[in-house]
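Residue numbers (numbering that gives the first Met the number 0), protein chains in the order written: chain B, 0 to 322; chain Y, 0 to 231; chain R, 0 to 62.
In case anyone wonders, no lab produced these hints; they're calculated from the structure.
Everything numeric in this text was worked out from a predicted model, so none of it was measured.
Even for Gly, the Cβ is constructed at its ideal location relative to N, Cα and C.
Incorrect hints may appear among the rest.
To be verified - What the simulated footprint calls covered on chain Y by chain R, stretch by stretch (three residues with Cβ under 8 Å from a Cβ of chain R suffice, anywhere in the stretch; the number is not a length):
| # | region |
| --- | --- |
| 1 | 32-41 |
| 2 | 46-56 |
| 3 | 191-205 |
| 4 | 222-228 |
Stated by the list, open to error - Computed footprint of chain Y on chain B; a stretch qualifies when at least three of its residues, placed anywhere within it, have a C-beta under 8 Å from a C-beta of chain Y:
| # | region |
| --- | --- |
| 5 | 183-191 |
| 6 | 219-230 |
Claimed, not checked - Just some of the chain Y residues that point at chain R, by a computed CB distance under 8 Å:
| # | residue |
| --- | --- |
| 7 | Ser8 |
| 8 | Gln134 |
| 9 | Ala161 |
Each chain, written out:
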Amino acid sequence: MTGETPKRVPRGGGADTGGAGATALMHRVGSRAVHWLEEHRGGFRAPDRGASADEVKEFFKPVGELALMGRVLTREGVAGTSQAAQMRRLLDFAWRDVLDGGGLLAWMQRGEPLSPVPLEVYTAFRELGYHHPEVERHARLMVSTRSWQALETLPSRRLGLTRHEARAELTSGTATAAALRRTWLAQTPEPWTVDYHIAYLVTHTVFHLTDWGARLDALPGDLADYLTLWLPAWVDEWREKEHWDLLGELLVVDAMLPTPAFDGTAWQRFAEAQGPDGAMPLERTRSADGDEFGTLYHPTLVAVFASTMATSRALTALNGSPS
Amino acid sequence: MTTTGRNGSAVHETVQRIAHTVASALHNGGGNPFDLSASLITHADDPVALAAARVLGADVLAPWAFLGMPVSQGDLALAGGAARAFPPDTSSVPSTWTHWGLTAALHRAGPGGAPAAVAAAEPEVAWAVDGSWQQITHRFAQLASLAGPTATALLPAAAARADDLSRGFVRAMRRQDWVQAAAVGRWLAAAGCAPASLGLAAGLALVAQVGAGDARAALHVRAAQALARGER
Amino acid sequence: MLPTKTRAGVTAPTDELVEEVEALLSPTEADGTFHDTAECLGALLGGGEGLLSPPTPRPKPKK
Numbered sequence: 000m001t002g003e004t005p006k007r008v009p010r011g012g013g014a015d016t017g018g019a020g021a022t023a024l025m026h027r028v029g030s031r032a033v034h035w036l037e038e039h040r041g042g043f044r045a046p047d048r049g050a051s052a053d054e055v056k057e058f059f060k061p062v063g064e065l066a067l068m069g070r071v072l073t074r075e076g077v078a079g080t081s082q083a084a085q086m087r088r089l090l091d092f093a094w095r096d097v098l099d100g101g102g103l104l105a106w107m108q109r110g111e112p113l114s115p116v117p118l119e120v121y122t123a124f125r126e127l128g129y130h131h132p133e134v135e136r137h138a139r140l141m142v143s144t145r146s147w148q149a150l151e152t153l154p155s156r157r158l159g160l161t162r163h164e165a166r167a168e169l170t171s172g173t174a175t176a177a178a179l180r181r182t183w184l185a186q187t188p189e190p191w192t193v194d195y196h197i198a199y200l201v202t203h204t205v206f207h208l209t210d211w212g213a214r215l216d217a218l219p220g221d222l223a224d225y226l227t228l229w230l231p232a233w234v235d236e237w238r239e240k241e242h243w244d245l246l247g248e249l250l251v252v253d254a255m256l257p258t259p260a261f262d263g264t265a266w267q268r269f270a271e272a273q274g275p276d277g278a279m280p281l282e283r284t285r286s287a288d289g290d291e292f293g294t295l296y297h298p299t300l301v302a303v304f305a306s307t308m309a310t311s312r313a314l315t316a317l318n319g320s321p322s
Numbered sequence: 000m001t002t003t004g005r006n007g008s009a010v011h012e013t014v015q016r017i018a019h020t021v022a023s024a025l026h027n028g029g030g031n032p033f034d035l036s037a038s039l040i041t042h043a044d045d046p047v048a049l050a051a052a053r054v055l056g057a058d059v060l061a062p063w064a065f066l067g068m069p070v071s072q073g074d075l076a077l078a079g080g081a082a083r084a085f086p087p088d089t090s091s092v093p094s095t096w097t098h099w100g101l102t103a104a105l106h107r108a109g110p111g112g113a114p115a116a117v118a119a120a121e122p123e124v125a126w127a128v129d130g131s132w133q134q135i136t137h138r139f140a141q142l143a144s145l146a147g148p149t150a151t152a153l154l155p156a157a158a159a160r161a162d163d164l165s166r167g168f169v170r171a172m173r174r175q176d177w178v179q180a181a182a183v184g185r186w187l188a189a190a191g192c193a194p195a196s197l198g199l200a201a202g203l204a205l206v207a208q209v210g211a212g213d214a215r216a217a218l219h220v221r222a223a224q225a226l227a228r229g230e231r
Numbered sequence: 000m001l002p003t004k005t006r007a008g009v010t011a012p013t014d015e016l017v018e019e020v021e022a023l024l025s026p027t028e029a030d031g032t033f034h035d036t037a038e039c040l041g042a043l044l045g046g047g048e049g050l051l052s053p054p055t056p057r058p059k060p061k062k
């Protein structure tokens, strides 16, 4: 065995959060991560207009992901007052300063009319109450084309697009079931084949399917059972390999199950990996060199996600309400 | 071949040879006669051969247990000698259980070959109730020679933790610990209650394909496959 | 240390041999040292990558 004595994992995925202390630990991860994000918000800024198309595309992703996490945090409502305010300031900054009130998305649509990136970025902002009519009109038009519906992509990404359309109220979302069926996860394949890449396919499939935790009952019973069975093994693996980004995403999935396992050892190691400034390293420990926003922002956003979902589910379980 | 076993590879090498021979017999379904001690070409009280037989425990008699193949006098002597020369370390769960399994198999295979004492009561299984899934996987894997056609208290204990052992199987596969994967897979095959989504048969086939470096992995795979076919 | 003979004439195993047997009966787990090639570092949450564009290089974390 490794040097650690594994904490007892509740069998059958019981909601054994280990009490208020464990919940506080999970919550603290998120509040510290939000603090780092606000301190380093400059990293979300768009590159100069003279930047290459690749650089621009690179920039949109962190902003879009920030909005997604902001939506999760405000929706779940478990952040403390100051963290909620920090997040709201961050989102205002992202929308107004970074995206120029949405104008930068419209600019991208004009340059690449069929790119789904603007919609993927816009949807979470829209859910948070930020609107740009031109961006919406353009997206509605593109979604109605045959080309958009025929776009070739990974099944998990197709599922994501289908959900974005529905969340942005551009379509009814009836294509969701068919899109889910084509994913890897829907086939419930052999769990011992889950490598690094497949693990991310699984997490993204669950995120998209549940609209980032907004619709937990969208997860079908057979997939919930499958994940309840095998997630502990995958959590164990990536905890041991100290890949905090993937471990964090797996912990999010756990928090979305009907009965989360709340692996105490995994959460302990996850919390310990977080830097004193609130940044979560991608893997192992943080390297001591400069400009790290590009590698730190994503695992730190994941930490917000995992913390928010787990805290929310743990509080629900403590209150004895139906999850 | 040294007699002290100080050069560790002598016992390890003999373990590999025996495991390979037994695995082949299980895989071939009893086509050729099985005589381990004859194939080892060693004298009956060679300490290294006895040590290797003790390590494999009841599995030196697996062709008899799984396929009903006749067991040679030489093999009874080998197994009996192993049990006598290496009594159990009573502070060790694997030592006590594997020794018990060896003597129990001897009793059934050939009454004249067993040590003088009647087989003792089974060792305890309390550890299987409370351990984490990682811990019990590790433990059950060490006791895989007990996963055979004849049930012990270990079998319902494994069945009660089938989901957890299945997680242990996944973990072993991902770590490429082929011996552990095959050993846990053998317990799951014996208990017959691995979740369908595990894909146990495919996993064991993969171990047979890539885990050939350790003959103990091959042995456990062939035993598991025989159990899944419902032999004996 | 030479093996000793018991009264029955059977060679008793040495301490080293007994130790080795017990070690083989209860091995510790090998270190899991296998890692997938991390091609897609910093994998995205939402797959916001432009579908019509080729994959863009990701910043590589320094080891």
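- Message: Please verify the coverage claim for the region 219-230 of chain B: does it have three or more residues whose C-beta sits within 8 Å of some C-beta in chain Y?
- Response: It holds: at least three residues are needed, and the region 219-230 of chain B offers 3 whose Cβ sits within less than 8 Å of chain Y.
- Task: Let me know if the C-beta of Ser8(Y) comes in closer than 8 Å to any C-beta of chain R, holds or violated.
- Result: 10 Å, violated
- Query: Under the criterion of a CB-CB separation shorter than 8 Å, is Gln134(Y) in contact with chain R as hinted?
  - Reply: 11 Å, violated
- Message: Tell me whether the statement that chain R covers the region 191-205 of chain Y is true, taking a Cβ distance below 8 Å and needing three residues at minimum.
- Response: violated (count 0)
- Task: Go through the hint on Ala161(Y) and say holds or violated, using the shortest Cβ distance to chain R against 8 Å.
- Result: 21 Å, violated
- Outcome, coverage hint (the region 183-191 of chain B, chain Y; C-beta under 8 Å; three residues): holds (count 5)
- Item | Whether chain R covers the region 32-41 of chain Y (at least 3 residues having a Cβ closer than 8 Å to its Cβ atoms) | violated (count 0)
- How does the coverage statement for the region 222-228 of chain Y fare against chain R, requiring three or more residues with Cβ below 8 Å from a Cβ of that chain? That given contact is violated, which follows from only 0 residues of the region 222-228 of chain Y lying within Cβ reach (below 8 Å) of chain R.
- Query: Okay, the region 46-56 of chain Y and chain R, do three or more residues pass the C-beta test at under 8 Å?
  - Reply: holds (count 6)
Of the numbered hints stated above, those contradicted by the structure are hints 1, 3, 4, 7, 8, 9, listed in ascending order.
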